[in-house]
Each structure stands twice: as structure tokens, then as C-alpha cells.
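A.B. asks: Please construct the entire structure, taking both the sequences and the accompanying hints into account.
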Amino acid sequence: MDSVGFVSYSIAATAYLALTFLLCTRLKEGTVGGWLVLATAGMSIWAGIAAYASWDETVFLADVLPVEAVRALLWCWFLLKLLGYTALAGSKIIAVGRPALLVAVALLVWLEVDSDFLSLVQQQSASDLRIISHLLLAIISLFLIEQLYRNTQVDKRWAVKHLYLGLTVAFAFDFILYAEALLYSHINLVMWNARGLVDALIVPLIALSATRNPKWAVDVFVSRRVIYRTSVLVITGGYLLVMAIAGYYIRDFGGEWSEVFLAVFITSALVGFFVLLFSAQIRAKFKVLINKHFFHFKYDYRDEWMRLNNALVSIDATEPLQQRCIKVMADTVDSPAGVLWCKDKKSVFQPVYGWNMRFSDHWQETRESELVRFLMVKKWVINKTEYDANQSLYDGVAFPDWFTQNEDNWLIVPLINHDDLFGFIVLAKPRAKRTINWEEHDLLKMIGYQLTNYLALIDASEELANARQFEAYNRLSAFVVHDLKNVVAQLSLIVTNASKHKHNPEFIDDALETLTNAVAKMNRMLEQLRKGKIPTKNKSIVDLNTIIAEVARQQSGYTPQVMLVNSDQTISLNIDRAKLVSVLGHLVQNAQDATEDSGWVKLTAGQDTDNAIISITDNGVGMDAEFIKTRLFKPFDTTKGNAGMGIGVFDAKEFIESQDGIISVNSEPGKGTEFMIRLPLHQGLPNEATKSTEGEQACQI
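Under the numbering used here, the first residue of the sequence shown is numbered -18, with each subsequent residue one higher.
Hints in this document: simulated from the structure, not taken from any laboratory.
All residues carry an ideal CB built from backbone N, CA and C; glycine is no exception.
It cannot be assumed that every hint is accurate.
Taking lysine-lysine pairs in the BS3-like style, the calculated list, with each CA pair at most 25 Å apart, reads [as the list claims (entries may be wrong)]:
{"hint": "1", "residue 1": "Lys610", "residue 2": "Lys583"}
{"hint": "2", "residue 1": "Lys426", "residue 2": "Lys308"}
{"hint": "3", "residue 1": "Lys327", "residue 2": "Lys359"}
{"hint": "4", "residue 1": "Lys410", "residue 2": "Lys426"}
{"hint": "5", "residue 1": "Lys308", "residue 2": "Lys360"}
{"hint": "6", "residue 1": "Lys583", "residue 2": "Lys481"}
{"hint": "7", "residue 1": "Lys481", "residue 2": "Lys410"}
{"hint": "8", "residue 1": "Lys324", "residue 2": "Lys365"}
{"hint": "9", "residue 1": "Lys634", "residue 2": "Lys502"}
{"hint": "10", "residue 1": "Lys481", "residue 2": "Lys520"}
{"hint": "11", "residue 1": "Lys326", "residue 2": "Lys365"}
{"hint": "12", "residue 1": "Lys481", "residue 2": "Lys414"}
{"hint": "13", "residue 1": "Lys634", "residue 2": "Lys520"}
{"hint": "14", "residue 1": "Lys481", "residue 2": "Lys426"}
{"hint": "15", "residue 1": "Lys360", "residue 2": "Lys327"}
{"hint": "16", "residue 1": "Lys502", "residue 2": "Lys520"}
{"hint": "17", "residue 1": "Lys360", "residue 2": "Lys324"}
{"hint": "18", "residue 1": "Lys410", "residue 2": "Lys308"}
{"hint": "19", "residue 1": "Lys414", "residue 2": "Lys426"}
{"hint": "20", "residue 1": "Lys426", "residue 2": "Lys324"}
{"hint": "21", "residue 1": "Lys652", "residue 2": "Lys634"}
{"hint": "22", "residue 1": "Lys308", "residue 2": "Lys324"}
{"hint": "23", "residue 1": "Lys615", "residue 2": "Lys634"}
Across the chosen pairs, the derived CB separations fall in these ranges [claimed, not checked]:
{"hint": "24", "residue 1": "Val294", "residue 2": "Leu507", "range": "29 to 35 Å"}
{"hint": "25", "residue 1": "Asn169", "residue 2": "Arg131", "range": "54 to 60 Å"}
{"hint": "26", "residue 1": "Asp389", "residue 2": "Thr192", "range": "50 to 56 Å"}
{"hint": "27", "residue 1": "Asn290", "residue 2": "Ala446", "range": "53 to 59 Å"}
{"hint": "28", "residue 1": "Ile439", "residue 2": "Pro411", "range": "27 to 33 Å"}
{"hint": "29", "residue 1": "Ala379", "residue 2": "Ala244", "range": "16 to 22 Å"}
{"hint": "30", "residue 1": "Trp581", "residue 2": "Asn478", "range": "20 to 26 Å"}
{"hint": "31", "residue 1": "Ala244", "residue 2": "Leu146", "range": "47 to 53 Å"}
{"hint": "32", "residue 1": "Ala446", "residue 2": "Val333", "range": "31 to 37 Å"}
C.D. replies: Structure (C-alpha cells):
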């Protein structure tokens, strides 16, 4: 017995048998795949016969050579099939190669089987023609591989390069083996024994190319039960074999304690074997492993993905989002009902929506409950049927009564968002009895991830919408408070000066005019609060000279006094009079606040061909270019501390630009500031502004 050769070829036979089995279970229809299965099966049979020849000394290596010829024929025929599928295939090679191979292998088999014919040939030749024939088969195989690689398109070589590499190694080894045998007139036994392991090493390369080429396929069905039981049998045999080898070495090298150690070891091995054999959890994991790696998927995941997307983007207003989420999860496993549980702001999980399934408003689960902790840690789909049959599968966790005591409950699918539990969906049992395997579990979890992202996105969108509403309300309130502050300042001036000038008729007239303006502003602010925006129907044709005069009079109670420069001509504007007065008043007030009492503030009105020009100039503290660029027109940014709102200049810019105007600033620190405003002139009759102003003054009188 040649033990090295036996082990080497036994490994090769087992590896190719497993590869053949894998190809039969995972691949679909295809003529190329059929020849690939035949080639790998031929390799397994050839390696098995070679292993037997190494085991039985009455069998000679020459008896293996006919099978080896058939092995080479199967691979060459497979390579010719591949050559026929390449885009640049040589038809002449295929046309000549197939019949030539059949004739050559037939002659070779006859030569090796018919001893009389072999003796006659040997008498006429000084060399062994069998060695030469196998050498030629190796060369032909290498030639076909070279032609295949040359004729395969570059962008498709990634799918077959491992097959080409593996077969090149196998036939190159054959070439070296038979070339040396031809040279020395006998086969090198060391290389012959090594060939089994060499051929076994290329099995992963062939398998990898097969997975990258789904068209190499055969449609052979193998029962899951057969595969599971066969695998258990093989694993059991392997386990017992390892234990026997270990026991053999303990007995030979254990010394005087060998029998004691052997007894303890055998007992421990048997106990461990039966623990593994009767462990339901290990059996379940092993079944999942078999199903994942030996069988086709049960679902068309493209269809499942489209179904999920169609359910989420449905525009049916009569079906709430929560119901759609439950339905798309339930339809996956034919469940007729379900309940969606979500986490609130206090991290308490409560049912929020039910579809064909009742729930109690008093049900709730905290983050400390065993159910929530199990879902957060394991992220498993909980199956009540499995739980009732064997709680050890779920680590003995005690699930809540609302789930375990209701016979309609079936599954709990976690909704995971950023590694945290967003919620879960409870599904009812289907109308027809159904079991789910690892694939349904994975699919349900995948759908759960997508539903969680969608639900979280909807929640974030609602929170953002609410935040924007509050932002709009706060912004409107800020403008109202800003205007109210100015009104209060004007009324405070009246109250402050009343004791001194209350008997002065001119003071009384100014006070009444100020109160009238204050009432108008207050009414305007109330209208803003009611409508939520600034009214746009208060435009009228006004003279800019009267506007700046009113602003100067309004700011006369502050220092330094405003220097007014009117235009000699009427400057007509179609604009909201009150708003323009308010905006210019803010800018003049800012200029007065930024200027010492001994300084000056100038308000000027002018015009060019198309625009009215308003200039507000002071010799105050000024601003640098960086401040103007980054902070001046930014809302709620103020240099006045708690005394300012930071929206006066922003409001002025927004209003001027809404009237198709332009506001610009020219300022230097320590030298003062100039605000320049350009507003489009009203292209109407020259006396319209005068009439409008006179009408307004008449109404005031």
C-alpha cells in the first residue's frame, strides 16, 4: 500500500465530488454547465481509481491510464465548448478538434486495453506510445487554454481567469510528469503521488469561475433534507475519525496513564458529541448554513424591492403610512394583520397603529424590558411558534403576556435605526399554516431597515416643518417687537416732555401726530400677526420729500439732530408709505446711536433718470469691511446687547429689495457711514404725488 498516494488522490476525489455536488445544487440550465459537471465528476472518478490503485498493490499505474485518457477528453471537450461561446472563437479549431479528440482518445484507450495490440506497437517503436499519447493530450489541453485566453474579450477575462489558471497548472504538471517519464522510461512515483494534491488545489479556482458564470449551469434538484442528513453523517464521521486518531496517540504516548487518559477522553468525546447532536440551537444554525450556501434563494429580490418601494411611495391618501408599513411587512409572509409599535420621546414603546388587529392603549414596553433588550441586542425576528416549542432558542427570555398569551400573535420584526431600536411590528399568524426559514428572517429584517429609515425620515420632516413654523412665528414676533420698541420710544418722549411743554400748542400738535403714527403702526402690527405676513396692498403714490421730512420730525427727539436735505423737485414713488417711514427711521436711529451728540447725521433725497436716491450719512464710529460683509445684514445679530434686536438693517434690506431697489453701504472705522438707497421712480403724472400727499394731509387735519 502506498499511503502517500492513497491520501493524495483520496483528497482529490473528495474535493471534486464536493465540487460536482455543489455545481448540481446551485446552478441552472446550460450545456456548458453540463460538460463542466461531467469534467469534475470524471476528475472525482479518476482520482478515486488512482487512490484505489495506491491502496491495492495488485493494481498497477498502467491500469489507471485509460481512465486518465477519458479525464483529459472531458476537459478538452469542455474547453472546446467554451471556445464556441467566446466572441472571437476560431471555428476551424472547434470543427477539427472535436472529431480529432474522439479518435485520439479512442485509439489511446484501445492501445491501453488491448494487450496484444499494445505488444505489437511496442515492437515497432522504441518508446512507450502511451506516455507519448498522454503527453500530447496535455499539450493539446494547454493549447486550448491558450486559445481560450487569447479569444476571450478583455472585459470578460475576470470571470474565467481562475479556471484558466487552475487548468493550466493541472495540465502543465501532467506535461512535466509525462515528459520526464518519456525521458527516463518510467513514471516518477513522487510526482505521481503529488498530482492528487495539486489537482485538489485548483478546485476553489474552478468553483470561483463557476460562480462568476451563471450560464455554466445544470438544473438538478437535491432535497434539503437529503443534504442536511448527509452533511450530518459526514460531519459525524469526521468527528469520530478525529476522536479515534486522538485516542490512538493518547494510547501510544500516554505512558502508564494512557488507559486512564483514554477512558476520560473517550467519555468526554462522546458526551460532547451527544450534546452537539441534540442541541436544537446548533441544529437550527446548521440548517441555516446549509440553506444559505447550497440552495437557490426563494424570493426574487428585485420584485421584493419594487414592491417595497411602490408601497412606500403610494399617494393613496386614504391609506396612512403606518398601515402601508404594516401591510408591506405582512404581505411578505402572508400575514393578515399586524400592529406597529414605536418609541416616544421618553423611550417608551407603545402601539401606535393596528391593521386588522386590536391592541390596548395601556400596553407599553420600556427599554429595560426583556423583549426590548433582546431585540436591541440580538436584532432577531421573534417567532412565537418557535418560542412556544423551545424557549431555549431565545436564551430563555420571558416575553410579555400581551405577546405570549394571544394565540393570534406570530412574529415580532425589529425596526432598527442607527443600531438603535426605533420600534417593532407584531404580525398575526397566516390563515394557512406556514413555517419561515432563514431567508424570510433576513428579508423581514431588510424590509424592517427600510421601513425604519422611511418612518424616521417622515418624523424628522414633521419636526423640521414644525421648527420652521416656530421659526416663522418667532421671526414675525421679532419684527413686531422691534417696531413696538420704536413706538414705545416715541411715546416715552411725549411722556418725558409733557410736563414741560404741555401748554405749548405746537407740542400738542406734534404729540397728536406722533400718537396717530403710533396707532397706525400698532394696527399694522396687529394685521401682521393675524395674517402671518406683511400686507402688500398698502402701496400709494407719495413724494419722497414728505417721507424724509416725516422721518426727520419723528427722530427729532434723539441726538444728534437730523440734518435734512430735500430735493427741489417732486420725487414720486409707488410704495408702502408707512413701511418706508419705518425702514428709514430704523436706519436714521442706527446712525444717531453710532454718533456722538456733538456729531452730525444727514438725511438726503435726490433722483437720477430712473431712480430715487436716499442717503443717510453720519460721522460716527463707522464699520470695517469684514463686519459689513458678514454681520451687518445678518438677522438677529446686534452690537447693542440686550437693547437691540438685530433685525433693523436686515428688514430694511429685505424691504428695499422687494421693491426692486438697491441698498449699499460705504463705511470706515472712525470716519462714519453712508447708507445709499436706490428705489425705482413712479412713471406717472408729475402731480400725482402732490395730490396724494395733499389728500393725506387733508385727512389728517
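A.B. asks: Hinted pair, alpha-carbon criterion (25 Å max): Lys583, Lys481. Please report holds or violated.
C.D. replies: It is violated: about 28 Å lies between the C-alpha atoms, which goes past 25 Å.
A.B. asks: When you take the CB atoms of Asn169 and Arg131, is the distance between them in 54 to 60 Å?
C.D. replies: Roughly 32 Å apart at Cβ, these two residues miss the hinted range, so it is violated.
A.B. asks: Between Ile439 and Pro411, does the C-beta distance stay in 27 to 33 Å?
C.D. replies: About 28 Å separates the Cβ atoms of Ile439 and Pro411, which means 27 to 33 Å holds.
A.B. asks: How does the Cβ-Cβ distance of Trp581 and Asn478 compare with 20 to 26 Å: does it lie in that range?
C.D. replies: 23 Å Cβ-Cβ, so the 20 to 26 Å window holds.
A.B. asks: For the hint 47 to 53 Å, verify it against the beta carbon of Ala244 and that of Leu146.
C.D. replies: With a Cβ separation near 51 Å, Ala244 and Leu146 satisfy 47 to 53 Å, so the hint holds.
A.B. asks: Hinted pair, alpha-carbon criterion (25 Å max): Lys502, Lys520. Please report holds or violated.
C.D. replies: 15 Å, holds
A.B. asks: With a cut-off of 25 Å on the C-alpha distance, tell me whether Lys615 and Lys634 pass.
C.D. replies: 10 Å, holds
A.B. asks: Verify the proposed pairing of Lys652 with Lys634, using a straight-line Cα cut of 25 Å.
C.D. replies: 23 Å, holds
A.B. asks: Starting from Lys324, check that the Cα of Lys365 is at most 25 Å away, please.
C.D. replies: Judged against 25 Å, a Cα distance of about 22 Å means the pair holds.
A.B. asks: Hey, Lys360 versus Lys324, does the alpha-carbon distance stay inside 25 Å?
C.D. replies: 16 Å, holds
A.B. asks: For Lys360 and Lys327, compute the direct alpha-carbon distance and say whether it is at most 25 Å.
C.D. replies: Answer holds: Lys360 to Lys327 is near 21 Å, not above 25 Å.
A.B. asks: Please verify whether Lys634 and Lys520 have alpha carbons no more than 25 Å apart.
C.D. replies: 18 Å, holds
Violated hints, listed in ascending order, are 6, 7, 10, 11, 12, 14, 24, 25, 26, 27, 29, 32; each of the other numbered hints is respected by the structure.
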